[in-house]
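Below are the chains, spelled out letter by letter.
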Amino acid sequence: MPEEKPVPASADVKNKVETLKKEDKPVADKIKAGHVHMSGCTGCEVAIADNYGGLLTVLDKYVDWVYDLTLADVRHIPKMDVALVEGSICIQDKISVDEIKETREKSAVVVALGGCACYGNITRFGRGGQPNQPQHESYVPIGDIIKVDAYIPGCAPTPQLIRNVVVMAYLLLKGTKEQQELAKKYLTPLMQLADRGTEACGCDLMYHIINQGLCMGCGSCAAACPVRAITHEYGKPNVNREMCIKCGACYAQCPRSFFNFDVMNEFEGIMELIDGALK
Amino acid sequence: MGTELGKYKLCVSARSADKEILKKAQDGGIVTQLFKYALEEGIIDGAIVSGPSDEPWRPRPFVATTVDDLMKSRGTRYNISPNVSFIKEATRSYGLDRIGIVGTPCQMQAVRKGQLYPVGLRDVPDKIALAIGIFCMENFPYQSIKQLVEDHAAMKLEAVKKMEIGKGKFWVYGERGQVVQLPLKVTHNYEQPGCHVCLDYVANLADVSTGSVGSPDGWSTVFVRTKNGDDIWSKAIAAGCFETKPIEQVKPGLELVSKLANEKITKNQKTVEERAKFGVNKALRNPYISPK
Ligand SMILES: Cc1cc2nc3c(=O)[nH]c(=O)nc-3n(C[C@H](O)[C@H](O)[C@H](O)COP(=O)(O)OP(=O)(O)OC[C@H]3O[C@@H](n4cnc5c(N)ncnc54)[C@H](O)[C@@H]3O)c2cc1C
Ligand code: SF4
Ligand code: SF4
Ligand code: SF4
Numbered sequence: 001m002p003e004e005k006p007v008p009a010s011a012d013v014k015n016k017v018e019t020l021k022k023e024d025k026p027v028a029d030k031i032k033a034g035h036v037h038m039s040g041c042t043g044c045e046v047a048i049a050d051n052y053g054g055l056l057t058v059l060d061k062y063v064d065w066v067y068d069l070t071l072a073d074v075r076h077i078p079k080m081d082v083a084l085v086e087g088s089i090c091i092q093d094k095i096s097v098d099e100i101k102e103t104r105e106k107s108a109v110v111v112a113l114g115g116c117a118c119y120g121n122i123t124r125f126g127r128g129g130q131p132n133q134p135q136h137e138s139y140v141p142i143g144d145i146i147k148v149d150a151y152i153p154g155c156a157p158t159p160q161l162i163r164n165v166v167v168m169a170y171l172l173l174k175g176t177k178e179q180q181e182l183a184k185k186y187l188t189p190l191m192q193l194a195d196r197g198t199e200a201c202g203c204d205l206m207y208h209i210i211n212q213g214l215c216m217g218c219g220s221c222a223a224a225c226p227v228r229a230i231t232h233e234y235g236k237p238n239v240n241r242e243m244c245i246k247c248g249a250c251y252a253q254c255p256r257s258f259f260n261f262d263v264m265n266e267f268e269g270i271m272e273l274i275d276g277a278l279k
Numbered sequence: 001m002g003t004e005l006g007k008y009k010l011c012v013s014a015r016s017a018d019k020e021i022l023k024k025a026q027d028g029g030i031v032t033q034l035f036k037y038a039l040e041e042g043i044i045d046g047a048i049v050s051g052p053s054d055e056p057w058r059p060r061p062f063v064a065t066t067v068d069d070l071m072k073s074r075g076t077r078y079n080i081s082p083n084v085s086f087i088k089e090a091t092r093s094y095g096l097d098r099i100g101i102v103g104t105p106c107q108m109q110a111v112r113k114g115q116l117y118p119v120g121l122r123d124v125p126d127k128i129a130l131a132i133g134i135f136c137m138e139n140f141p142y143q144s145i146k147q148l149v150e151d152h153a154a155m156k157l158e159a160v161k162k163m164e165i166g167k168g169k170f171w172v173y174g175e176r177g178q179v180v181q182l183p184l185k186v187t188h189n190y191e192q193p194g195c196h197v198c199l200d201y202v203a204n205l206a207d208v209s210t211g212s213v214g215s216p217d218g219w220s221t222v223f224v225r226t227k228n229g230d231d232i233w234s235k236a237i238a239a240g241c242f243e244t245k246p247i248e249q250v251k252p253g254l255e256l257v258s259k260l261a262n263e264k265i266t267k268n269q270k271t272v273e274e275r276a277k278f279g280v281n282k283a284l285r286n287p288y289i290s291p292k
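Residue numbers (this note's numbering), protein chains in the order written: chain V, 1 to 279; chain R, 1 to 292.
These are computed hints drawn from the structure, not numbers from a lab.
This one's a predicted model, so the numbers in the text were calculated from it and none came from an experiment.
Any given hint could turn out to be false.
As the list claims (entries may be wrong) - Each computed DSS-like pair below joins lysine-lysine, with the alpha-carbon atoms no more than 30 Å apart:
no. : chain 1 : residue 1 : chain 2 : residue 2
1   : V       : Lys279    : R       : Lys235
2   : R       : Lys156    : V       : Lys236
3   : R       : Lys9      : R       : Lys251
Generate the whole structure from the sequences, applying the supplied hints.
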């Protein structure tokens, strides 16, 4: 972290070039990433920003933030290593549909960021009729329109998961051979989640955990739910299905949805690695 | 001895130096004593523990912020206490910046997954200050404990002073001094199914983990695992919180812990494999491979 005041990513080009010159690492070592805003509430974007100093370190050392409607003065989707897409796609909105396809064409890796991009989340309940564009009524997760490489579920996704994934994505693309191995192992379940599908609900705990004889009553699901739809009755989760907004956090957080020992057993080293990377 | 005991920096037999704690502790009062020390030293702001509820022997997770609270949580209740359900709330309504949490090995797994993949656990990953794991062979639904005590041991739940699994039996101690033992063959039927795919006996992912097995009655076996655990444990030792004995000098010692750990892992690994061909060309899910 440089001592001087953080330079907003939208600063003019001259400024940017000067900042880059001062850095130890040439820009070529950074990965190019951006934030693509579809039908979301900007909560995911705020979650990125909520990494505070950590975000500045990320921008300083690892990531060239090349696209972001709110933060970067770039109008058209550029080529990127990693696109973080927030929000679902309204299929009646031609611009959204075109842009998500363009995002896919121009990005090596597309990550669905947050419940809406992964699973539709609260936008699943949209049924049109709202002012300005009442005909906009069908909102689908981005995985229904394009192939998605990895999910970061959650409503909002947490700053810490975003941080962990960004550090791992950097290591995957630019790290040593060993770091690449680790990053691959770390990212695998998030890729498998993307492969798994675009529907989520508190019911997943019934279908895929309890009905499968896997629940051990830890309570992670209840802790993860953003709307407190889950309580524990005699140790097992009970989902208030009226309250569930279909974000997918409970299932992804459950240790019995996925538990990759090769990564978890190294938790201490990985936490240190991430901590160190952000200093 | 291989990976069945997890990584650890040191292993000792220990008990709390505090007679008050020992009066109602399950074993050597390690959990309560270590949290008490951490709370008094400001290492944690509070701890998620499991205490009594409005039904006899039914545990209820709660956030302990005083030594009095901790004292209420002493002892093992052999049925599910979803301690991790409080992990985000502890940072919110309770305002903890440094959280202590106790739990079974699966709950320690949940805590570490929550740190590495905090999908719905905003701001939790950096606030876990002390995670204490307790050894665990299996756990039970509340109704199972009720049936074991009332139907099999013919005692009233309200009249039970202590329950314990040890020396190959399930022991029920009554308030009036009566002792009933049930063979584990009987209790096995009542275990929660999720335990049958569990591959961790001694809470490999805790900062410090403890259980009765391996040490004499009233003492506990303690594994100090992480740097953080080591730091807190050595300070607590320096402060005189614990009496300790080298694990090599106590009976039955580490060999028994290893043996039981291997038995559990082998048995449950087999269950995991059998699940892969449970139906006709249909598998039950395997969380260790993928979330699909
Ligand atoms: C379901 C279960 C199975 C166990 N199986 C074994 C075993 O096979 N071998 C072995 O050596 N030890 C086992 N233990 C651990 C043992 O019974 C003691 O809990 C442990 O030795 C700690 O004793 P202590 O005197 O240090 O703790 P104490 O100071 O008495 O404190 C006990 C702590 O345990 C917590 N606790 C109590 N019940 C639960 C629960 N249901 N879930 C989560 N936390 C709880 C309380 O919050 C309290 O903080 C098991 C514990 C449980 C809960
Ligand atoms: S997180 Fe999974 S294992 Fe834990 S209580 Fe919820 S459904 Fe059960
Ligand atoms: S129950 Fe809660 S965490 Fe699970 S999908 Fe519904 S809203 Fe999300
Ligand atoms: S046996 Fe495993 S899954 Fe069951 S309660 Fe103990 S640690 Fe959890």
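Between Lys156 (chain R) and Lys236 (chain V), does the CA-CA distance stay at or below 30 Å?
holds (24 Å)
Take a quick look at whether Lys9 (chain R) and Lys251 (chain R) sit within 30 Å of each other, Cα to Cα.
holds (21 Å)
Pair hint outcome, Lys279 (chain V) versus Lys235 (chain R) [Cα-Cα no greater than 30 Å]:
holds (27 Å)
Violated hints are absent here; each numbered hint is respected by the structure.
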